[in-house]
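Asks: Below are the chains, spelled out letter by letter.
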Amino acid sequence: MTAFGLDPAAWTAVALSLRVACVATLCALPLAIWVAHVLARRAFVGKQILNGVVHLPLVLPPVVTGYLLLVVFGGNGVVGGWLREMTGFTFAFRWTGAALAAAIMAFPLMVRAIRLGIEAVDPGLEEAAATLGASRLRIFCTITLPLIAPGILAGGVLGFAKALGEFGATITFVAAIPGETQTIPSAIYALLQVPGQEPAVAALVVVSVVLAMGALIASEWLARRIHAR
Amino acid sequence: MIDLAISHRLGALDLDVAFSSPAGITAIFGPSGAGKTSVLRAIAGLSRPQKGHLTVDGEDLTNLSTQDRRIGYVFQDARLFPHMTVQQNLTYGGRHDHDRIVEMLGLGDLLMRRPAKLSGGEAQRVAIGRALMSKPRLLLLDEPLASLDAQRKADVLPYLERLRDDADIPIIYVSHDMAEVARLATSLVLIRAGRVVAAGPLTTLLSDPSLIAEIGADVAGSVLPVRIESFDDADQMTTLHADAGLLMVPGQWGEVGQELRLRVPARDVILSRHIPQDISALNILPVTIDSISAAGGAYVDIALCAGRDRLLARITARSAHALDLAVDQAIYAIIKATAVGG
Chain S
3 MTAFGLDPAA WTAVALSLRV ACVATLCALP LAIWVAHVLA RRAFVGKQIL NGVVHLPLVL
63 PPVVTGYLLL VVFGGNGVVG GWLREMTGFT FAFRWTGAAL AAAIMAFPLM VRAIRLGIEA
123 VDPGLEEAAA TLGASRLRIF CTITLPLIAP GILAGGVLGF AKALGEFGAT ITFVAAIPGE
183 TQTIPSAIYA LLQVPGQEPA VAALVVVSVV LAMGALIASE WLARRIHAR
Chain B
736 MIDLAISHRL GALDLDVAFS SPAGITAIFG PSGAGKTSVL RAIAGLSRPQ KGHLTVDGED
796 LTNLSTQDRR IGYVFQDARL FPHMTVQQNL TYGGRHDHDR IVEMLGLGDL LMRRPAKLSG
856 GEAQRVAIGR ALMSKPRLLL LDEPLASLDA QRKADVLPYL ERLRDDADIP IIYVSHDMAE
916 VARLATSLVL IRAGRVVAAG PLTTLLSDPS LIAEIGADVA GSVLPVRIES FDDADQMTTL
976 HADAGLLMVP GQWGEVGQEL RLRVPARDVI LSRHIPQDIS ALNILPVTID SISAAGGAYV
1036 DIALCAGRDR LLARITARSA HALDLAVDQA IYAIIKATAV GG
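If you read the sequences in order, they're chains S and B.
Take 3 as the starting number for the first sequence in the numbering used here and just add one per residue.
Take 736 as the starting number for the second sequence in the numbering used here and just add one per residue.
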């Protein structure tokens, strides 16, 4: 049984990729907004260190990031072992682990885009809101957040695309178990190891392109609506 | 009643300012870079001075954050929230006295517009309204007219005068335009290089010969409180009642009975020992010489008592010598009708 030239195994990989990318983006976005805000607006000791740590996944080889994830969040990892003991929850060889790897790899891209958006907002507007009696939280929610919406959108799309395509860290951390951790990139890679699978590879490549284009078009449309407001 | 002291080192500017000011509009006047805006930012709590205190109407605000101070701040660049309508901007800090403020500032037609669609003068009026609706205990105006052209200035000034006369809150007004200050303020704080040079009632400071150098020889002069006595339709002349006598000015200045301020620049006052005959100047007031001080160069500044008001005249030292002027002498001041202005 095939649809659009994709067999059920390929469809599983596509569905899994979408789930992993969506969860990774949605979970990382609030944290990325907060970190971007801190980096853009606050002055504190250790700011450069935070900035460095956030950007580390961008410059480290993905395999290294995956290995570090394994050490920290793996079944016997520092955090992973403790988590399993306390809650029974584990990232190891689960789709949640793939989502964690995707989120961490996408995080610096999201922070960068959102930080640019925040830095483009005149801090004078936030000052003006404070003189009108608004609390820090209210200023953030009513002034900063609406004005950086385009930046958040850009960061979200960039992060989603990155999460969709994440390969190295994911395969190192949670391997490529069909139906659990085998996303589109690792499915393509696995198919390429077997002779005669070129049509299946081509179908997955088309799906990748369509998803990426779809995300871009959706963000353009949303951005235009935000500007029209 | 506002009482404040600020000590703050800010880059090249060493700010050390203390003054108290009564109700009404207190103008902070000084050259750019004198620290005027820094004073306002410290009052609003947007910057924390290294040392200082601030009390407004007996309440100590020194340790409160900006959001708890309830001090309205109208920034030089208005700072309206671009993603909100005028109405949403106005009510961001509260809806205190909404309808009256909309009416007073003429904002009725603007409510549904976005800030990007406002002219500079309109944006400033919205910013003033927004600050007022948050029910501030003190209003700070930072050069609200500086970014406007002459026409827009003339549009906004009457609103500020209404604000002074109708709104029952103290206002601190920063400006480097003495004509604006003379028209609006009740008290004056002169600052230069982060220090207070003089502080006190506007009329006293403006007619103080020792401050001419600070205020600027072009704009120094006195401000007389006057009332419109009558208007002559045939000549198009308005007669004003000042304490020292009647003054005539060209044009229609307002309704009979209306109170105005008349600014008389020191340069435009001519002195005579006798009532001059057959000259074109219309306004001749009997005055007494209060003090004579050398202004440096060819000029002397002469402070005059005109009834309960004070006038300031800047004449050449040579003329002063030729007239043999002396303190307490009764003479006449001639004010060219065209020299006086709002």
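The hints are simulated quantities; they were obtained by calculation from the structure and are not laboratory data.
The reader is advised that the hints may include incorrect statements.
To be verified - To list a few chain B residues with every Cβ distance to chain S over 10 Å, as calculated:
| # | residue |
| --- | --- |
| 1 | Gly807 |
| 2 | Arg865 |
| 3 | Arg897 |
| 4 | Gly935 |
| 5 | Glu994 |
| 6 | Asn1018 |
| 7 | Thr1023 |
| 8 | Arg1045 |
To be verified - Derived, one-sided and incomplete: chain S residues facing chain B with beta-carbon distance under 8 Å:
| # | residue |
| --- | --- |
| 9 | Glu121 |
| 10 | Ala122 |
| 11 | Gly126 |
| 12 | Ala131 |
| 13 | Leu134 |
| 14 | Leu160 |
Ideal placement from N, C-alpha and C gives every residue a C-beta, glycine not left out.
Asks: Of the hints stated earlier, which fail here?
Replies: 1, 2, 9, 10 and 14
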